[in-house]
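Participant: With chain A held as given, fit chain B with the ligand onto it using these hints.
Quick note, the sequences are listed as chains A and B, same order. Read left to right, the first sequence gives residues 1 to 395 (the numbering used here). Read left to right, the second sequence gives residues 1 to 84 (the numbering used here).
Accuracy of the hints is not assured; some may be wrong.
As the list claims (entries may be wrong) - Here are the simulated lysine-lysine pairs, DSS-like style, with alpha carbons at most 25 Å apart:
#1 B:80 <-> A:171
#2 B:83 <-> A:171
#3 B:80 <-> A:15
#4 A:164 <-> B:80
#5 B:42 <-> A:15
For the record, the hints were derived by calculation from the structure and aren't laboratory data. Here the structure is a predicted model, which is why all the values come from computation and not from measurement.
Now for the letters of each chain:
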Amino acid sequence: MSLLDKLDAVAAARKALLPEGVEVFGTPIEEVYSSTEARIGDQRILFLGTNNYLGLTFAQECRDAAQEAIRSEGTGTTGSRMANGSYSGHRALEREFAEFYQCRSCIVFTTGYQANLATISGLAGPGDIVLIDGDSHASIYDGCRLSGAEIIRFRHNDAADLEKRLRRLGKRSRSTLIIAEGIYSMLGDRAPLANIVKVKDAYNSTLLLDEAHSLGVLGETGQGLVEETGLLDRVDFITGTFSKSLGGIGGYCVSNHPQLDQLRYVSRPYIFTASPTPATIASTRAALRLLREGVELRRQLWRNVHQLYSQLKELGYRLGPEPSPVIATILETPQQALALWKGLLEHGIYVNLVLPPATPEGNSLVRCSVSAVHTTEQMNHVGKTFAKLRETIFQ
Amino acid sequence: MLNDYNDVLQKLCHHLKQLAGSEVEITPQTDLINELAIDSVKLLNLIMEIEDEFDISVPINALADVQTVHELANLIHRIKSQKQ
Ligand SMILES: Cc1ncc(COP(=O)(O)O)c(C=O)c1O
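Chain A with its partners taken away, still in its complex shape (with noise of 0.2 Å):
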């Protein structure tokens, strides 16, 4: 098969799948009003699909930020944080965030998909051992992929799996990093993350947690799960991402490991590539304040989880096993799937769909998310409109 052949059987079974005319993927948005609410073609719709989990892209001061950098320092760094590109913004979040964790450092990246990258490539090479849950994000499997390292993966959230191929690697599990993620981005579930650090102390191995979808949304003060645990002293390295709780884009590594800063000569996806906008770095600065003063943001965000999970659930929704911010609804076939979704788009609500392979153990999602700012009204038209396409799909 030719280099191009291929790319014409990945499209003849993205056709096979999906109908002519129905862009599920890459739905183009005409025109963005607020948090929860924008315009796909000439309808109206509601977002209830984003990682918007705070509402704070448009928060005032996170804009009024963004635009005053803009003016004091230019639309790009056009540089690596290693050559012109740290400015005193980026070092300023790095500190910020090493505050919130306290922690000893911070490394900022350009993407939450290279802080993964960067930092797991950084910490482990050739000869060493990354032990994953196996239903790890991709970009934790590319960041695998990258450090050389041989990948080994554990049966998803089962810790008991975890110390079973730990005791198998015998000694070389001094030399392994675990991974988990403190909440699943397609179920929605929390890693068991006190059975995971007994483990990781007990073989003596190194873990890092990607708080990519837990920031903002776990802990009194919005750390993640390492705050709802109590664990945060016993987690060895954290990365997460400004594109969801924190409404911009980039992401960050915190750890008491004075090794951290290290990372900075080593590692690929942090040197090679352009530091963040002033812009970005302004934005998330202020947002970061907003997080972490959010208690009652974190409160209405919850609310509005826990109605919208016991409502799908009466309705006879199959859901992933716990209430979180992310409610994805779990449908046998891929039709069904699309069904429901376009369904919902109908009726103008705007949701994720996720189809296998990229799913957990070949389900099809229709994927929702939950946000603070989604008001009651917009939470009640949500749960009527699934009532009414219950019976559609599931006839």
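Facilitator: Same frame as chain A, but now just chain B with the ligand:
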């Protein structure tokens, strides 16, 4: 050694039949992805089962060189013998 390999092959085929359906004929030359339609995720999950069955660690990096049933059996056999 050969006995060992045959044992691995037999157990592997048993797992593959569960994935691909018992009516499918599986030989050492069968292509895992093209003939058995075992996609990348299924293959990764199969590896976890194999690790448990033989009590070994199979780094998924090694799968880049695996296309046929024989190649997978060979990989498992090699790791298993290194352990002993
Ligand atoms: C668990 C996880 N880690 C990392 C990322 C990457 O973050 P970003 O989209 O900000 O690059 C994502 C989001 O896509 C994610 O879900």
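Participant: Does the structure break any of the earlier hints, and which numbers would those be?
Facilitator: Result: hint 3 breaks, nothing else.
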